[in-house]
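Listed below, chain by chain, are the residues.
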Amino acid sequence: MIHTQQSPSNGTNGSDAPGDRQHASRVLTVALAGNPNAGKTSLFNALTGMRQKVANYPGVTVERKEGVWPLGPDGTHARLVDLPGLYSLDAASIDERIARDVLTGRVAEVPRPDVVVAVVDATNLERNLYLTTQLLEMGRPLVVALTMVDLAERARVEIDAAKLSAAIGAAVVPVTSTRGRGLEELAAAVVAAAAKETGAGAGWRLSPQAEAELAAFINANVGNGLAGATSSSAAITTGTAAPAATSRAANLSAPTAAPPSPPRPRGDERHEALLTLYGEELPADESLRARVEAARARLAGANPHWWQEPIVARYEWIAGAARDAVRDRGRGARTRSATERIDRFVTHKLFGPAILLGVMLVVLQTIFTWAQLPMDLIDGGFGALGELARERMPAGLLTDLIVDGVIAGVGGVLVFLPQILLLFLFIALLEDSGYMARAAFLMDRLMRGVGLHGKAFMPLLSSFACAIPGIMATRTIEQPKDRLATILIAPFMSCSARLPVYTLMIAAFFTERKVFGVLSVGVLLILAMYLLGVAVAVAVAWVLKHTILKAPPPPLVLELPPYRMPNASNVLHTIFSRAWMFVRRAGTVILAISILLWALVTFPRTEIVSPADEAAVEQQAAGGRNGGAGEESEREETVQPAAGASNVAEAVEDEGARSEEGEQIRQSFAGRLGRLIEPAIRPLGFDWQMGIGLIASFAARETLVSTLSIVYNAGDGAGEESASLVEAVRNARRPDGSRAWTPLVAVSMMVLFVLACQCMSTVAVVRRETNSWRWPLFMVGYMLALAYVASLITFQGGRLLGFS
Amino acid sequence: MATTSPDMTARPPSLKGHGVAADAAQSTPSDAPARRGVTSLSALPHGTPARVVSVEGEGAVALRLMEMGVVPGAPVRVIKAAPLGDPIEVRVHGYHLALRRSEAETILVTGEP
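Quick mapping for you: the protein sequence lines, in order, are chains A and B.
Residue 1 is where the first sequence starts when you use the numbering used here, and the numbers rise one by one after that.
Residue 1 is where the second sequence starts when you use the numbering used here, and the numbers rise one by one after that.
Hints are computed from structural coordinates only; laboratory data are not their basis.
Yeah, the Cβ is synthetic: ideal placement off N, Cα and C, and Gly gets one too.
Errors might be hidden in some of the hints.
[To be verified] Restraint-style ranges between C-beta atoms, simulated for each label pair:
#1 B/L84 / A/G380: 30 to 40 Å
#2 A/V523 / B/R101: 33 to 43 Å
#3 B/L84 / A/A215: 41 to 51 Å
#4 A/R564 / B/E105: 30 to 40 Å
[To be verified] Below 16 Å or equal to it, Euclidean Cα-Cα: the simulated EDC-like pairs (lysine to aspartate or glutamate) are:
#5 A/K53 / A/E109
#6 A/K481 / A/E769
#7 A/K349 / B/D86
#8 B/K80 / A/E559
#9 A/K196 / A/E211
#10 A/K163 / A/D324
#11 A/K163 / A/E126
#12 B/K80 / A/E340
#13 A/K65 / A/E126
[Unchecked claim] Derived coverage of chain A by chain B (criterion: at least 3 residues anywhere in the stretch with Cβ under 8 Å from a Cβ of chain B; other residues may be distant):
#14 310 to 316
#15 460 to 467
#16 783 to 790
Full structure from sequences and hints, please.
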């Protein structure tokens, strides 16, 4: 009765129950699980090739990687789900909870895996087998893919796959992902394992007393239709898939082959009972909880370390299995000692920090210099595309929209792609080589000083390219408060979207100046902006961790993996999938905002037709007569004399056009908004035209540049170094004739851009990561307040000190 | 292999170290690292091979440490400390693990005989 009632909820959850009944015809779902650094990514890429896609699990931003794995020459395929890198399944981190939910079929979009492939690093067998043991306990068919066999052999460690297989009760297939060795055997083993329907379980046992307590829970679960197990598993799962717990119970109690056999204890029933008895959270059901507490008290009475029993038992079982299967003739020394030799310098008391600083400098310097050429090419390409479009298309509103809205907007964002690719390349190299963990090791003490985790270092470093991947990378931090604190300060790291703003300001006001004859003021200013961001982030982190996110300093338990040569195809996969995320963002959010901005500046139209406007139109060969074309041709008129660099001559010749163009923008929606906020931003040194740019920049920082170029009519594409925009900024006037921009205004603007959270995408990512609007709104609010105050101090303080 | 019998590879339950750990924790002052005595991992001189006797901590960190292989009986050796003295790097089960001194203090070890 109970079973039939539970079955419908099972179906709605998208679980695998229907699939189980038609076993032969369906596509297998295979989950790939393994420790971090075990070679899981390489194996996933080798098995799926380019047939993979990346998404997120619902409700959380744990990356969900899936691919199609061709199992054999007959064309059968498996759906291969790549789980996050895990050390265990005890659900301490989001990654572990998600992995557990996938394995138990609680994630709506992924059927319960038919087979689990456990990736095991042969050079680190025992610790890797811990997760495998837990996976075996879940009772699903399991195949071990043994990686790094060549590295183990180089260290003179031989692993007998057949003996290991016999000891753990699952097939063991040695694979070399990079050379494609063992992949066919792995596929065959998976197909064979899938036919078995259930796994062998794990063979370890607890002390007689603990086994007796456990048996009581197993029997109770089997006896009463698993009511107890259901509530306990619901307690440890994420909120995303709460109803799935019932589906799981239905699966268990309705065996796939459906023979009318009596319930028998299987691997996963023991697993359920273990969770009930040893799980971190107590079951919700009151009578069950009372029984669990009583059982725990009895166990604790006999052994104060009672909770460690399953872990110790697993490791002893593993040691037994390894004893038979492993022949260590080199005593595991060789590859490790290479790593230790490198670490003698890399984590040395003095050399270590120096090397870390050097690595950071090289990364940042390379991003600035190497990216320049491709950036210029992209900038020029989009400029030329805009020109071409303007020549070929009839002058009019549509052409303006395409050239000034679409092409300029998308070009203005894609121009960052080289920088972003380079940064992702470095991060991937540092991660894959094993250096990132050393950086966390070196930085942990400092990070802890402000209440953050050593693991926060990497997300924060990533945020120098873009806060979005940085914020997404915080998911490796287990404690929610530490993670939240890291997320909230990540946007202070000067991301690449701020660079065009810095570059424009410096190109306009600080190019020629040098300090001590060598250091350019511009470079020093940019460095100062980076340091300002870091300093404020540290201060804010300290405050957060002592107020609203008060918590003891986070623990650090961090593997320092052996150094390995990064795998080129893994690195490429990583940077291209991340770059694609960025391009998609450029293609959607930024494009929409560019078009919106163009419309805000263009509408409503001014009806006045001044003589300057008519003169401008005559220059336009196409001669399509409407206000939009007029406005565009004025641009050229404005720019040409300005580029001649004579401010005095420019002022006279250009006066008519300038007032007309100003009239259009003043009348536009954007102009009205700019003037609306002008009283608030005047103390910072900004006028209403900059206000337009500021409003636009809250969508994305880099739009300041394109918006200013629209506001000042300064040219297509409007690269931050385009001479026309630089000149326009230098020559922009207030109504009283004084210059709108001064070096002090430029610095004030840069300070504002360091500290304000002007990025819709970041807000959206934080919303998704924290699952509420509270934190993203808090973040935007406090960052804006800080930015305003800092910019105010900069401008007013600078004036008091006599700067202008 | 396809059998679901849980007893296939069962071995006798062994809880070595547990009882010893409780006694050791009470009887050994942490500031007296004797050659054959019990000391904390934090006080273990760098490079000295040792074995884990017990993990005295509670909660998520202790659980994670044990899952990472810091279990009674495991061979362990302190490699070095980070530049500011904390965290420390240890070698356990043949791989390298970083942990803070505060956690290392809860791990009792004994020198290799």
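How does the region 783 to 790 of chain A fare against chain B when you require at least three residues with a CB closer than 8 Å, holds or violated?
Result for this restraint: violated, n = 0.
Checking one constraint from the list: CA of A/K65 to CA of A/E126, max 16 Å. Satisfied?
Violated - the C-alpha atoms of A/E126 and A/K65 are around 27 Å apart, more than 16 Å.
For A/K349 and B/D86, compute the direct alpha-carbon distance and say whether it is at most 16 Å.
Roughly 11 Å between the alpha carbons, so the hint for A/K349 and B/D86 holds.
Do B/L84 and A/G380 keep their Cβ atoms within the hinted range of 30 to 40 Å?
violated, 48 Å
Hint check for B/E105 and A/R564 - Cβ pair distance inside 30 to 40 Å
Given range 30 to 40 Å: holds, Cβ gap about 32 Å.
Can you confirm whether chain B covers the region 460 to 467 of chain A, using C-beta to C-beta distances below 8 Å and requiring at least three such residues?
Contact hint for the region 460 to 467 of chain A vs chain B: violated, 0 residues under 8 Å.
Hint consistency between B/K80 and A/E559 [alpha-carbon to alpha-carbon, up to 16 Å]:
With a Cα-Cα distance of about 14 Å, the restraint between B/K80 and A/E559 holds, given a limit of 16 Å.
Is A/K163 within 16 Å of A/E126, Cα to Cα?
holds, 15 Å
Range hint compliance [Cβ, B/L84 to A/A215, 41 to 51 Å]
Given about 50 Å between the Cβ atoms, the range holds.
A/K196 and A/E211 were given as a pair; does the straight-line alpha-carbon distance stay at or below 16 Å?
Judged against 16 Å, a Cα distance of about 27 Å means the pair is violated.
Need the status of pair B/K80, A/E340: alpha-carbon distance at most 16 Å?
Given that 16 Å is the threshold and the Cα spacing comes to 10 Å, the pair holds.
CA of A/K163 to CA of A/D324, is that 16 Å or under?
holds, 7 Å
Of the hints listed earlier, those the structure fails to meet are numbers 1, 9, 13, 15 and 16, in rising order.
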